[in-house]
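**Q** Given the coordinates of chain A, work out where chains B, C and D should sit on it, guided by the hints.
Chains as they are written, first to last, in the numbering used here: chain A, 1 to 346; chain B, 347 to 467; chain C, 468 to 1012; chain D, 1013 to 1228.
If you're looking for bench data, these hints aren't it; they were derived computationally from the structure.
Keep in mind that a hint or two might mislead.
[Unchecked claim] Only pairs whose alpha carbons sit at most 30 Å apart, straight line, appear in this in silico DSSO-like list of lysine-lysine:
| no. | chain 1 | residue 1 | chain 2 | residue 2 |
| --- | --- | --- | --- | --- |
| 1 | A | LYS115 | A | LYS324 |
| 2 | D | LYS1137 | B | LYS372 |
| 3 | D | LYS1131 | B | LYS372 |
| 4 | A | LYS324 | A | LYS295 |
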Amino acid sequence: MSDLMRRILFLPEAASSLAPRVDRLHFFIIGTTFVVGAGIGLTGLFFLVRYRRGRAPAQEPAMAAPTWMEAAFAGVPLAFFLLWGALGFQDYVWARTPPRDALDVYVTGKQWMWKFAYPDGPGMVGVLHVPTGTPVRLLLTSRDVIHSFYVPAFRLKMDALPGRYTEIWFEAVRPGRYRLLCAEYCGLDHSRMRAEVVALEPAAFESWRARQLAQPTWVADESFGEEGTRGPLARRGAVVATRQGCFQCHTIDGTPHIGPTWLGLYGREEPLASGDSVRADVAYLTESMMDPLAKVVAGYAPVMPSFHGRLSAGEVGALVEYIKSLQPERPEPPPVQEPAYGPLPR
Amino acid sequence: MRGGVQVLAVGAVLLALATLSFGLSKLHLGAWAVPVALGIALCKAVLIAFFFMHLAERPGGPRLVIGTAGVFVGILVGLVLAEAAARAWPTLPPGPFPVSRLPGTERSGPPRAAPPWLPLP
Amino acid sequence: MAPSHAEPSGAGPSYLDAERGLWSWLTTRDHKRIGVMFLAVLLLMFLLGGVFALALRVELLTPGETVMGRLAYNRAFTVHGVVMVWLFLIPSIPTAFGNFLLPLMIGARDVAFPRLNLASFYLYVLGAVMTLWGVFQGGVDTGWTFYTPYSTVTGREVMPVLLGVFVVGFSTILTGINFITTVHTLRAPGVTWMKVPLFVWALYGTSIIQVLATPVLGMVLMLVALERVAGAGLFDPSRGGDPLLFQHLFWFYSHPAVYIMVLPGMGVISETVCAFSRKRPFSYRVIVWSTVGISFVGFLTWGHHMFVSGQSTFGAGAFSVLSMLVAIFTAMKIFTWLGTMYRGSLWVSTPFTYVLGFIFLLFFGGMSGVAVAVTSADLHWHDTYFVVAHFHFIMVGASLMAFLAALHYWFPKMCGRMYPEGMGIGTAVLIIFGFIATFLPQFLLGNQGMPRRYADYPEAFQPLHVASTAGASLLGFGFLIVAVYLGWSLRHGRAAGRNPWGSEGYEWLSDSPPPEFNFHAPPRFPRPPHDYANPGVNTEVEHAA
Amino acid sequence: MRREASPRPVEPRALHFGDEASRQDAAHLGMWIFLATEVLLFSVLFTAYALYRLTYPGVFQQAPAHMDVFLGTLNTFVLVVSSILVALAVDAIRNGRDFAAAALLALSVLLGIAFLFIKAAEYTKHVHDGALPGAWYAYEAFALPGANLYFTLYWVMTGVHAVHVLVGVGVLVTLALRTLAGEFGARFHTPVELGGMYWHLVDVIWLFLWPLLYLT
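So that you can see chain A by itself, here it is in the shape it has in the complex (with noise of 0.2 Å):
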């Protein structure tokens, strides 16, 4: 029954402990509605073919509502309407109350990715492993602007504002890959902010974190580049790139953004928009910055402006070495993202 409903509304599967308890008022509420709209719909029409002018008489009949009728009109639907309002409350505060055994999990929304990472764990970027049948509690957190962590499956979504943590928890039923989409517009790339939850077995996910402690994925580290690890000419270099706005739209953080990051781009292969491909080495980075309509990375809009005249050499070579500089490492594991505050003295 539940599932004839489920395809009838084109919802996702259920795939949390939440999703029948959202479904099953949802289920009652469209219910309610397109038996009372009918019912509307079917009074106006029937008013319209039995009282259509020339029928009915044309004298006015005196006529007004009685007031039981009036209160009639207000009660009953204030009492569905409480009724829905207390259900829908009763779930949602169980929602955001996350079970004492749960495990965390801190979630960074950043534009425009998600990150995980897990209290003794490796972080993760753009996947997030979770145990079937164990309460998951999502502390989110964003580093720039609102995003809003979304799991249709799961009939999930709060909000990760920068500056504090909010808190949701969930437990997955079933094994599967979930989208997890953005649902708080960020900027330019919310529609592909997009990453996936990855639902295993307990036993499943054990081994997966086993492995993973034992062998990291490998995130972009934020504080990578720190000054003592550079030339005077990178150091420079990083010095003009601010000043002529290149952070505008290239990240060195390995994140995607109007323009390809820099994180090791030097030596990369890239796939340019016509089909070819390029390595990008000294020729290309000035040419880049010269003409830079020329070679346009394949997945980038053709906005760069021309630099040409506005960077001398001395600067163009400056640029270059800094990019070179950018190569990635392999970090260490990040630190456990605690909230780092206390209570609030109140």
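**A** Then chains B, C and D, alone, in the frame of chain A:
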């Protein structure tokens, strides 16, 4: 001339109330300081509205309007405060907290220095 | 009354012919001319917003890039939202039809402050120009909600739009002040509070919201501007501020703004449903009190936009319950309209077709509103296409249908000519059908989990998007037909006569189009409006020369 | 055509409104609605203040120690006295003493300007301390989390208020000049009353700002 006397009398009360506010602030009433100060301010506002802003002469529309406005101010402040006060730890912001900007818009936040037209010592 | 101000009785020049030339229009203080000027500009804005709506639908035809890139899409939906919400829907019915009809409906000669009225028009135009300049020049990509911190960090030029919307808000406030004062002080003898026409009640309720909510929006926008210029930090977590405060303040305005959009529409429906059922309203007082109730309770519900934003569970529960209250008033109105039709003598005309569409669509819009106000269901629906479909049902399905009903119902009043009735009914059916075809798939898309403001989407969502785009083209085609036949009727429609609908509304007592000062002689209203049991009792006083 | 016994409702003829009484009614009502919008405008700032006071209670309690309470209090008395003068001016014009009214209005204009100068002196002091709003905040003596927000609110609230004082001064100057020119008298003085109401509102708002920012 009766109106003039009334204005002066109300004015005297207003000045007295202002002095009272100031005096009470020296006593450090703790948790009561804000409600008491706002209460006195409200008294002053009512006096001004009724006697200086001619509300006493104009029942009906104007009283309704300003009363409604007061109610809505109460709703706005009250509901926002009620919601924020009920937020569970850790959702209240703990204070200045580093937030990374859009790449490249670091400069969109103005510098921690005075703008050119406001010379610092 | 000094008898020296005798006016010609009988057929004098109408307000359209009283003075001639463009200059006389631009400097007029006649509420009717100001209403017509508003209408002209509003229709332009609607055209602009509609073109962008179609562009968005075309882009969403396929996943990935169809006709525009992601940046262009983000800018386009911002233009669509800003233009439709702030430059069309919020001012639409009050400034165009309200200005034209409010004084006529209470037997007044003009609004209370005619110069303020003209100032309101020019402020609106100025604000619209600033806003449009901003959205096209700077390409604002924040969405119409300007959520912080995105709106304070985005590289696009948000400032002119903030200022433009601020100025438009000021224009709204002036109109609101004018309407409230007019209703309070300028009712003709005999028009007591409980005999005020229902459309006037709706405008009155709307004006209360406009006056009390708009300043809040103005100040919030100024604070965002300050944030951008001076890094004020009030909404910026990196300086200790709280982005949720912005959402609270923004929705304190913008939720009641939904009622600014829909209340006048409800007034239009209350008015027309009586006129075309040949019956007095089933319960006048229910409509009146629900109008006042909506304008009050509408202010208490803003937090239901923030159930998943990190607000407290207590706040969510409180706002959820309060939201249920406001839905009641809408339900009461729907039942009352149906009751009005019961045992009436229904005249199936173009406005009445829109009325039927309005009632049906408002019901689903309202119920889906209740659904998203249920806290747990909102965990799934918040910021998905379900919400998009919900508010389009309210804003297009209800407000715009009411706008079209008003346009057709008062078209003869405004220009003295009729439009082709058969064509009107056919187009109305087409528009209602096109509307459902556009937005029903969006409800299902929301169920499926498609978030709003997505330039690109996973392929699973495509079939429903295609259906929605097909419906949208039907809808656009319908609007085109309306524009064509109304434009044609302006010149070539047959003369309407004073009261083509045989309505008992007060506004039909004067000529169509009305003379410069609305009535040739002071009107007398011994009976309530919509009193079809005693037709023809309300008259203009025969002028005793 | 007969006249209604009561001044309202108005005959919709002749000069738009039936008589001077209903014209005054409409003007006052319109002005009150406008004042209501002003109240709501400031309520945004009061809401922000309340929220941040809730979030950073300590900062807001200590903050008055970093304010110039003497100048703030002086300003309160300046504004209240100017309000009294305006009320006296309205009383004078109602009784037909238009020269006295103009003089009283001029006096309150002077007090309004004095208010702005005192405010400017305060602002200068804060600038010297580095207690600037938002991103420019650099006040070493009061460097707690949230202190910058207190000063942002201080600058915005008093700044918006100062703009209103400035507008009010403009209004009062116009009214004084028009009174001197003999435009108003015992019969017609609605603009003086309305302008006075605006000035009183500015005063009322300061009466709330003062305890919140300087005293508690």
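**Q** Now tell me if each hint is right for this structure.
**A** Here's how the hints hold up against the structure:
Restraint check for LYS115 (chain A) and LYS324 (chain A): satisfied, since their Cα atoms lie roughly 26 Å apart, inside the 30 Å limit. Between the alpha carbons of LYS1137 (chain D) and LYS372 (chain B) the distance comes to roughly 23 Å, so the proposed pair stays at or under 30 Å and holds. A threshold of 30 Å between alpha carbons decides the hint, and for LYS1131 (chain D) with LYS372 (chain B) the separation of about 22 Å falls inside it, so the pair holds. For the given pair, LYS324 (chain A) sits about 20 Å from LYS295 (chain A) by alpha-carbon distance, which is consistent with the 30 Å threshold.
Taken one by one, the earlier hints all hold for this structure without exception.
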